[in-house]
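Novice: Chain by chain, the residues:
There are 2 protein chains.
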Amino acid sequence: MSLPGEVSTRRTTSPGPERGGGATLADVARLADVSRATASRVLAGRAAGKSASHARVLAAAEELGYVVNGLARSMMGVGRRSIAFVSSIMVGPTFATMAGGAEDVATANGHLLTMCTTGGDPDREVALIETLSEQRVAAVLLVGSTPATEEFARRAQRYSDTLARVGARLILCGRAALPDHPHIASIDYDHRGGVRTGVEHLVELGHRRIAFVGSLDDMTTPHQRFLGYQDGLAGAGLAFDPALTAQSDNASDDAAAATSAFLEGHPDVTAIVCQTDVMAVGVCRALHARGIAIPEQISVVGFDDMQLVADLTPSLTTVRAPFHDVGELAGRIAVGGDYDGPAVLPVELIVRGSTGPAPH
Amino acid sequence: MSLPGEVSTRRTTSPGPERGGGATLADVARLADVSRATASRVLAGRAAGKSASHARVLAAAEELGYVVNGLARSMMGVGRRSIAFVSSIMVGPTFATMAGGAEDVATANGHLLTMCTTGGDPDREVALIETLSEQRVAAVLLVGSTPATEEFARRAQRYSDTLARVGARLILCGRAALPDHPHIASIDYDHRGGVRTGVEHLVELGHRRIAFVGSLDDMTTPHQRFLGYQDGLAGAGLAFDPALTAQSDNASDDAAAATSAFLEGHPDVTAIVCQTDVMAVGVCRALHARGIAIPEQISVVGFDDMQLVADLTPSLTTVRAPFHDVGELAGRIAVGGDYDGPAVLPVELIVRGSTGPAPH
DNA sequence: GCCGGGGCTGGAACTAGTTCCGCCGTCCGG
DNA sequence: CCGGACGGCGGAACTAGTTCCAGCCCCGGC
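Protein chains in written order, with the numbering used here: chain L, 9 to 368; chain P, 9 to 368.
Hints are all accurate, no fakes.
Where chain L lies over chain P, by a calculated footprint (3+ residues, C-beta under 8 Å): (1) 76–84; (2) 107–116; (3) 120–126; (4) 141–148; (5) 168–176; (6) 314–321.
Just a sample of chain P residues kept apart from chain L, beta carbon distances all over 10 Å, derived: (7) Ser59; (8) Arg200; (9) Leu271; (10) Glu304; (11) Val359.
Hints in this document: simulated from the structure, not taken from any laboratory.
All C-beta atoms in this analysis are idealised placements derived from N, C-alpha and C, irrespective of residue type, glycine included.
The whole structure should be built from the sequences, with the hints applied where relevant.
Specialist: Structure below.
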């Protein structure tokens, strides 16, 4: 029942922009009475001319409310690929600040930033890397502490291989490079040196009995910071005493409970070094609750310099980590910058009110 | 100079998977000696069979390390579109928590979440909506306070129109619906009622001279919270006194300075309601600095219940906003759920140590 | 008047997938 | 022994763009 001359089209492809899903380049070209090639050239600004069709194309695009399909464009290799930011969790100043740094350079270079969380589940991480490869991201920023295990190294190599197949690269943020996998980029900051500096600061103030509150699992961040604590003691000629270590998860309630229990057995401690600011806050709360004055009786040092710790009473002495810079540097590599080997950014001790001279 | 029988290909399209950019479906099909159609069916799991070619396709895909191109798939309308989360800034618990809620439902439904910041610049916002439309996102979550102006309403309508053209929808998060634009979804929480509840709590404790610290600009969040303060006073039969309002930006330093200056002229105030927790922290610091006891001399109420304010000394009485729920609800609509009109989620007053009976 | 250069244009190939439709072969029932 | 049902498979059309190449027209120079 086709009319003569009518081209039989399959599906429900009625011509014209009313099809749904918006006007396409073909619709614009039809309305402007030019070919798709010409319409594409005009809209991409690749037609120098001021010809009549030039103006007709622009008018048609305007009239139809044409929005170029970035997916189709990306398929031709034109257009910018997204950058993925993968962390175990999104809340907390650490990740948000890093993400902010990465986002800054991403948008400045015309890329979008995709944020994904794994909840710390390796299976979800594997699935995520697969999905992101399918979506042809330009790079994956794998952010935060990871297991310090051979299993993780193998997993990371698998990620890197999968991503390399689609022309993307893997960038670790906030953990050290994997020595046997130089192709996996790493932007880290000085966890170990930061805690060491905190201990040295306490030693200068005359402290000798310095406790450590933190987690001792095999994740890179806790481990490196714990090593920094031992470094600091060793540098000052103090013996490392395992009994002066109180284990705690990264939650202020947990740190408060651990501190209370710890102090029962060790009333002679005059300073506490904390793995994170979140823990430090819990430590301070526990000290307040027991009527112990900070810093007159016990000094406290944190790590991260998260928002608000400067507003505590007393304000918290802590180590400022360059989260924004880490994100920015990683972003720069992600958008195609050179990678000259692992980066370890310096940290800075911020001395505030929670540390003071040792009593006596 | 072509050899006879050799098909002349344009560009550098040497056949085989070595071309760069990874193996394609055509490469897999070639290796498995089947058509692209068959390979596609097998890899999509749409081939029930256990035929010989079925196994050959899977083996070929494995051997070549085939990763399906999600862009090409999306172009066919298959595959999940991303969801965009647009806010002025990423740091701060507000946005991160909301983003977490949205990300939860996004990933649970197979979507990715793209995070973008505008820095509060309308031009960047406009450009971003355009870019996101081009990338064919499923929805845009426009997050946070916005100008309470007619200009913003027009702009939002433009966003909504652009997005509608590509089948996406606009969802406002954390600000009220625009009455004249019912197609623009809104998931908000009760700014105004929250502050009102805070004031009522103070009134019950006997306070009569209650100050307000906050910004008075024309953004929706500050404005609504300011109205809530006035509501609370009116409900208690107290007159609103403009002199009891101290202006401050949303920064603790600014709030501390504003509070110090304000107290010079108003020593009789016994309670301070703050627009945000960040400001409340600054207010508390200023009170500490002047040797004013909290809550014995002055009570303080915040808003947001951000991380750590429960760990201050004294812990902060504040209004908990359901950020995660807002993100979750918005995410649900973004992935295709029904929108039954504007939602205003309830907030909850969390009474802690910073509020107590009025002195005398 | 003819030829060549230059700019604009359109046809067609190309990106990498999905899916409709029809063909073919096999198997089983009548 | 033949017909129909059914499953697997391949050709081709389709998604929405970009870009190469050839052709056309127009204008200027000889």
